[in-house]
Structure formats: structure tokens, C-alpha cells
Amino acid sequence: MVLAVGTPTQAPALPGAPQSTLNWQWDTEPAPGASIRAARRATTGIQHPFRYSESVTAAVPPAGGALDQIYVQMTYPDANYDYSSLTGVLIDRVQETLDQLLPILKTEAASSWVYVTGVEVEGFVDPEEDFEEVVITQCVELSPEQAMDYWDRLGNKIQQWTKLLPEYLAQVATDRLSIRVAWKDG
Amino acid sequence: MSFDPLDFLTLAQSMASSGAQESELRTAVGRAYYALFLMARDKMDVRRRNSVHHETIKRLKKTEGYRTMADQLDELSRLRKVADYELTPIKPEHQNWPENWSRASLLVDRIRPRLQQLK
Numbered sequence: 033m034v035l036a037v038g039t040p041t042q043a044p045a046l047p048g049a050p051q052s053t054l055n056w057q058w059d060t061e062p063a064p065g066a067s068i069r070a071a072r073r074a075t076t077g078i079q080h081p082f083r084y085s086e087s088v089t090a091a092v093p094p095a096g097g098a099l100d101q102i103y104v105q106m107t108y109p110d111a112n113y114d115y116s117s118l119t120g121v122l123i124d125r126v127q128e129t130l131d132q133l134l135p136i137l138k139t140e141a142a143s144s145w146v147y148v149t150g151v152e153v154e155g156f157v158d159p160e161e162d163f164e165e166v167v168i169t170q171c172v173e174l175s176p177e178q179a180m181d182y183w184d185r186l187g188n189k190i191q192q193w194t195k196l197l198p199e200y201l202a203q204v205a206t207d208r209l210s211i212r213v214a215w216k217d218g
Numbered sequence: 335m336s337f338d339p340l341d342f343l344t345l346a347q348s349m350a351s352s353g354a355q356e357s358e359l360r361t362a363v364g365r366a367y368y369a370l371f372l373m374a375r376d377k378m379d380v381r382r383r384n385s386v387h388h389e390t391i392k393r394l395k396k397t398e399g400y401r402t403m404a405d406q407l408d409e410l411s412r413l414r415k416v417a418d419y420e421l422t423p424i425k426p427e428h429q430n431w432p433e434n435w436s437r438a439s440l441l442v443d444r445i446r447p448r449l450q451q452l453k
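Chains as they are written, first to last, in this note's numbering: chain B, 33 to 218; chain Z, 335 to 453.
Some clues are possibly wrong.
[What the hints assert, rightly or not] Pairs of lysine-lysine residues, derived as BS3-like cross-links and limited to a Cα-Cα distance of at most 27 Å, are as follows: (1) B:195 / Z:425; (2) B:195 / Z:396; (3) B:195 / Z:453; (4) Z:425 / B:216; (5) B:189 / Z:396.
Because the hints were derived from the structure by calculation, they are not lab data.
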């Protein structure tokens, strides 16, 4: 195994897909025929660049030559539903809206190079107003400021997506879903 | 002359200064939320008396470019309810009050300037 350090020069073509194709520039060119393990350094496009490492494997062509494309396995956690808090809240149209929203959260994380450690779906009952909502938390490995910047991007995507929904689902997205981003100590 | 809700925020920041007790931090979270909620309610022109918090956040979510700010205000609202209702916070992540105030403070810093820009 050779450790190669590279820099992706473009975002995944299909963010959130099981595999994405990236263009890489190698600091140390891997030997022909070698299996490699690579660490990548990515810039998020949000306010502060941060280091993002991910293990990938690839085979360098035996004949050698430039390895300018590599398949990266994108890892993303399954949503964890807290069903005990969701009783009575998770009605069909809420689940239908969630089924569309969760892949958007995944896509946005992938295209922003944000490492997601967990996705939580919980119910919240307001103790003062007769109101219940579903809170979706994306747990990220970012500093608080970076997480806030990412949250902003996410909100813009969600607002665009909401506009494309049929009215009965758009109403759920606005009235019944609250999206939060949690960082390590948040 | 009407009361400036941001005076609540000044009070909250003063109460949450170093060495603050849990009761002060809980109160600070509540006052910080109300400072922003009252601003948002007036900006969104919410005049009803029932479900006023939810209605304000809902209108913000529908305002172009304000979805995240609405979700952040909603988050601060839930934190305020932990502060006011949960003697032992249900979620372990809410059991550290200096951290709760730190999170509330970050949310306030993010929400406040945007709310002030809102016409």
C-alpha cells in the first residue's frame, strides 16, 4: 500500500451517489500496478478551507501512465429515527416529505465536502403551543463557524426544493420540518 | 417610547458572563431568544395571540433567503424551552449549561444581523 496525497480538482459529478469520479493531482505519483490508499485534501467552498481525509482505493494501470481519475466511495450514515418521540408526528405525508428531503441533505454534504457523522430524525412537542414538528439533525465534523456557513447553504437548497414540491408537501416542509446542523460540541 | 427587545439581549449577555450560575445561564438563553423572537414577530407582522412563536417562524421560513435563519430561531426556541421546562434536560447534550449558552450565543450572533436587515 502506498499513501498518496492528492487534490481533487472538481466536485463529484453526481454528489451523493455511491461512487463519484474525481480528478486528482498527485503530490507523489503512485507506481504502475500499485494498489493505493489515498488521502485527499479538499476545499469546501465555504468560508474556511478545512482538511478532509477519506480512504479510497484504486488500481493504477499496470502499464503505468497518468492516473487522473479515481473512484471514491462516499460514505454517509443512515438516518436514525427516534420513533419514541415521533409517535403521532410521523404521518404519511411527513414521511413522504422526509423521503425526499433526506437525499437532499446527503447530496449537499457531498457537494460541500462535509463529513457527516450522523443524521437524527426526532419529534418535538411544544410545551406551550399546540404544535409538533420533526427535527432533522445533520451532525457534521466542522468548526461551529464552518457548520453555520454550511447550514446557510443547506437552507438555500431546501428553500429551492420546497418551491418544487406539490402544495401539500411544501406545507409540510415549511410547517412541520425543522432542519438543524450540529457540530462536535453542539 | 416602546421597549427595544435588544435590551433583553444585553441583559442576557450580562447574566451569562464568566462564572454564571445555571439559573443565570437558563435565564440568559430565554432572554436572548425573546430579544430575537420579538424582533422577528414585528418584522413578520404577526399580530395573532395564539401560536405566535410558530407562526413567526413559519413566515420566516417562507421568506426568500431566510429558511436557515428561521430554522436557527426554531433551534433557539427549543433551547429556550429546555431552559424553562426541563429541570433535568432530557437530552445529554443539553445538560451542560455553559455549552448551551455558547450554542445560543452563536445562534444569536448569526440570526441578529440578518434579522436587522430584514425589511
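To see whether the hints hold, each was checked on the structure:
no., hint, in the structure
1, B:195 / Z:425, "violated (34 Å)"
2, B:195 / Z:396, "holds (10 Å)"
3, B:195 / Z:453, "holds (22 Å)"
4, Z:425 / B:216, "holds (15 Å)"
5, B:189 / Z:396, "holds (13 Å)"
In terms of the numbered hints stated before, the structure departs from hint 1 and from no other.
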